[in-house]
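Work out the full structure: start from the sequences and follow the hints.
Protein chains in written order, with the working numbering: chain B, 1 to 194; chain E, 1 to 200.
Any given hint could be a false lead.
Unchecked claim - What the simulated footprint calls covered on chain B by chain E, stretch by stretch (three residues with Cβ under 8 Å from a Cβ of chain E suffice, anywhere in the stretch; the number is not a length):
(1) 14-27
(2) 37-48
(3) 149-160
(4) 171-180
Rather than coming from a laboratory, the hints here were simulated on the basis of the structure. All C-beta atoms, glycine included, are put in the ideal place defined by N, C-alpha and C.
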Amino acid sequence: MKSPALIFLAAFLVNNIVLMRFLGLCPFFGVSSTVETATGMGMAVIFVMTLAAWITWIVFNVILLPLNLVFLRTAIFILTIASLVQLVEMFLKKSYRALYNALGIYLPLITTNCAILGVTFLNIDNRFSLLNGTVFAIGTGLGFTLVIIVFAAIRERLDLAPINPALKGYPISFIAASLMALAFLGFTGPECQN
Amino acid sequence: MTKLHIFTRGLVKDNAVFVLMIGLCPALATSSTVRDGFGMGLAATFVLVFSNLLISILRKNIPNEVRIPIFILIISTFVTIIDYMMQAFQPDLYRALGVFVPLIVVNCMILGRAEAYASKSSVLDSVLDGLGTGLGFTLALTVMGTLREVLGNGTFLGMSVFGESFQKAPVIFMIMSPGAFLVIGILKALINKYVKKELR
Numbered sequence: 001m002k003s004p005a006l007i008f009l010a011a012f013l014v015n016n017i018v019l020m021r022f023l024g025l026c027p028f029f030g031v032s033s034t035v036e037t038a039t040g041m042g043m044a045v046i047f048v049m050t051l052a053a054w055i056t057w058i059v060f061n062v063i064l065l066p067l068n069l070v071f072l073r074t075a076i077f078i079l080t081i082a083s084l085v086q087l088v089e090m091f092l093k094k095s096y097r098a099l100y101n102a103l104g105i106y107l108p109l110i111t112t113n114c115a116i117l118g119v120t121f122l123n124i125d126n127r128f129s130l131l132n133g134t135v136f137a138i139g140t141g142l143g144f145t146l147v148i149i150v151f152a153a154i155r156e157r158l159d160l161a162p163i164n165p166a167l168k169g170y171p172i173s174f175i176a177a178s179l180m181a182l183a184f185l186g187f188t189g190p191e192c193q194n
Numbered sequence: 001m002t003k004l005h006i007f008t009r010g011l012v013k014d015n016a017v018f019v020l021m022i023g024l025c026p027a028l029a030t031s032s033t034v035r036d037g038f039g040m041g042l043a044a045t046f047v048l049v050f051s052n053l054l055i056s057i058l059r060k061n062i063p064n065e066v067r068i069p070i071f072i073l074i075i076s077t078f079v080t081i082i083d084y085m086m087q088a089f090q091p092d093l094y095r096a097l098g099v100f101v102p103l104i105v106v107n108c109m110i111l112g113r114a115e116a117y118a119s120k121s122s123v124l125d126s127v128l129d130g131l132g133t134g135l136g137f138t139l140a141l142t143v144m145g146t147l148r149e150v151l152g153n154g155t156f157l158g159m160s161v162f163g164e165s166f167q168k169a170p171v172i173f174m175i176m177s178p179g180a181f182l183v184i185g186i187l188k189a190l191i192n193k194y195v196k197k198e199l200r
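As C-alpha cells, this is what we get:
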C-alpha cells in the first residue's frame, strides 16, 4: 500500500495528468488563452474531480460490485458525472453566488472533460481506498491547474512574439507543450518508466 | 453529396485529428507505436460506425430534449462491447491502451458525429460517415505512430528499420510524451504551410 503523500506527489508532478497521461487536452488547449480563464478552469476541475472521485467510488463499491454489474461501469460513470455537474451547477447558483460566478461557465464544459472520467477509472483500476482516491483526485486536479496556468502564461507571451505564419496558433502551442513535457520528464528521474 | 463525398469528408477534408483538432487525448497518448495507434483507431472506428448506425435507426424515436444522454448511453454500450472484446482477444493491446479504451466514450469526435450527422441522416449515409471519420482517425494515429516508433525505437511494427546501431541509441524521447506533442505540432505546421486552404 502506497502512502497518501507518495500518491499525491505522483499524481501532482511525476505522472502529471496533462503532460504525462494526455488527459484533459481539450481544455488545456482550449481554455488557456489567458491566465485568468486558466485559473478558473483549474479550480472548477479540482472541485468536480474530487466530488466525482467520491461519488463514483461509492457507486462502484456499494452498488456495482455487490450486484455484479461491473460491466456497466463506463455507462454509469459518465451518467453520474454528467448529473453531478448539473447538480453542482444548480446548487452553486442558488447557494454560493460568488463561487458560481467564478466557476459557472466552466462547469458544463467539464462533463466531457476526459480527465475527470479518466481519474475515476484510474481510481478503480488502482484499487485505491476512499482516502487514497481523494488524495489522488486532489493531486491530479492541482497538477492540471499548475500546468494549465503555466501554459496560459506561455501563450500570453507567444501572442506577442513574431512567429512564422505556418506555426501560429496550434503548432507553436503543441511545441511549447512538448518543451513543458520534456521539463516534467525530469520529475521521473534518470530511470524512465515505459 | 455523393456517397463517396460522405466517406472522404471525414477521411481527409475534415480529418478529426489533423484538421479539426478533436479527439486529441487518445491521438497523442496511444500513438507511441504503430500497433497501438492502429488498434486505438480501429476501436474508435467500431464505436463510431455502430453508434452512428443505431442512432440513425432510432433518430425518429429519440425525443429531442433528452437526445444527448441517449446518445451517450448508446455510445457507452458499444464502448463496453469493444472494451470486453479487446480484453478477451487482444490482451496485450488492451494493456498498452489502458484507460483510453473506456475513455472512447468521451471522445468528442463520436458524440459530434452523432449530434451533427447521424441524428439527421439516413442509415447508409450515417454508416459511411462513421466509417470515413473513424478511418481518418485511424490514418492520423497510424501516421503519428509510424513517425514516433521509427524515430523513437528504430522499428516499424517491431521490425528494425535503421539497423542495430541506431536501435542502441534511438531518439528515445519521441516515444515518450514530449515526442507526441512535437510530432503533432510539426505535422500541423506542415499542413498549414503546404495544404491549400480550399482542400482543407
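A quick look at each hint next to the structure:
no.	hint	in the structure
1	14-27	holds (count 8)
2	37-48	violated (count 0)
3	149-160	violated (count 0)
4	171-180	holds (count 8)
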